[in-house]
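**Student:** Sequence:
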Amino acid sequence: MYSQKTGKSPLREAYNLTFRCIKNNPAIFFPFIIFAVFDFIATIIIYLAPRAPLRAILGPPIRTLWGERFLHYPLNFILLPKLASLSRMVLTICVGSLLTGIAVAMILNVYNKKHINLIACLRSSFKKYIHLFAVVLFFSSLYFILIRIIRKALIMYFISGHSKLLFLEAGIWMGPLLLVLSFVFAILIQSAFIYAIPVLIIERQRLVKSIVKSFITFKRMFFSTITLVGLPMLFYIPFIILQYKSVFLINKLFPEFVLLVSLLYVIVNALIIDILVTTSITFLYLITTHEKTDE
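Every number in the working numbering is 28 more than the matching position in the sequence shown, counting from 1.
None of these hints come from the bench; they were simulated from the model.
Treat the hints loosely; a few may be bogus.
[Unchecked claim] Taking lysine-lysine pairs in the DSSO-like style, the calculated list, with each CA pair at most 30 Å apart, reads:
no., residue 1, residue 2
1, Lys180, Lys110
2, Lys110, Lys237
3, Lys142, Lys51
4, Lys142, Lys237
5, Lys280, Lys110
6, Lys273, Lys180
[Stated by the list, open to error] Restraint-style ranges between C-beta atoms, simulated for each label pair:
no., residue 1, residue 2, range
7, Leu262, Tyr185, 28 to 34 Å
8, Phe195, Leu288, 35 to 41 Å
9, Arg91, Leu205, 30 to 36 Å
The beta-carbon is built from N, C-alpha and C at its ideal position, and this holds for glycine as well.
When you get a sec, could you build the whole thing from the sequences and use the hints?
**Tutor:** This is the structure:
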């Protein structure tokens, strides 16, 4: 698949436009910084959950779902990454959906060589908020349910008397391999739905049509899409490993190190991974839509 205008592959051109956009248009960071602030505050609130006055609000659900011990030092730090991940999912659905729509509208301004009109971008995204919310809710729920089904299926398989699956023991499946599967499915599911928001904002299509077109576009540009989504997500790997080793970090270093890792994750997630994925995918969609090329 090649660009008729430049002779470059759209994948390469999307990356070129992405880095040029980020370098020359610092305003593009606005929606991602806003999300990082929300995520940062949520992580701090979770960290303070065992203390008054937040303990009165967050203590009962934590006690009911995970146990009283996770409201005490240092075990509260073992639960912190999980709670931060859940809060991030809620924020992504409720706030991130709108902010991504704003980012896409801003990128469209840049692509059309127009001045970024933040007010107009906000207005167009607010008009589509329900659809943006529904798209992100759908693929987030799909991922969450799929991972839970896989986890439950593995548990049921091993407690039924099996000691190995494909020559690997339960500890491997329930540990590193489950993390790998979760990571792979995260890339695939996000890639399949990644074009829905650009379709909603750029083409102003309806919800169902935007989802269908996202699948069609993903299928047509499978390699390019997986590359643009998957490469930035490699930044997740060190954090996945560190959060998986929370007990080791607490024992060998100090419990608060888990909080530092979680806060660094907030910055990397919003200001590196999200901005690279959103910007590059939007540019790829614009390039291929305008030129009607096939991969």
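**Student:** All the hints need checking, so say for each whether the structure fits it.
**Tutor:** To see whether the hints hold, each was checked on the structure:
1. Lys180 to Lys110: The hint holds at about 17 Å.
2. Lys110 to Lys237: This hinted pair is violated, its Cα atoms lying about 34 Å apart.
3. Lys142 to Lys51: Between Lys142 and Lys51 the Cα gap is close to 16 Å, so the pair holds against 30 Å.
4. Lys142 to Lys237: Status holds; Cα separation ~28 Å.
5. Lys280 to Lys110: Since the Cα atoms of Lys280 and Lys110 sit roughly 20 Å apart, the hinted pair holds (cutoff 30 Å).
6. Lys273 to Lys180: Given pair Lys273, Lys180 holds - Cα atoms ~22 Å apart, limit 30 Å.
7. Leu262 to Tyr185: 28 to 34 Å: holds (30 Å)
8. Phe195 to Leu288: 35 to 41 Å: Distance hint for Phe195, Leu288 holds at roughly 38 Å.
9. Arg91 to Leu205: 30 to 36 Å: Roughly 31 Å apart at Cβ, these two residues keep to the hinted range, so it holds.
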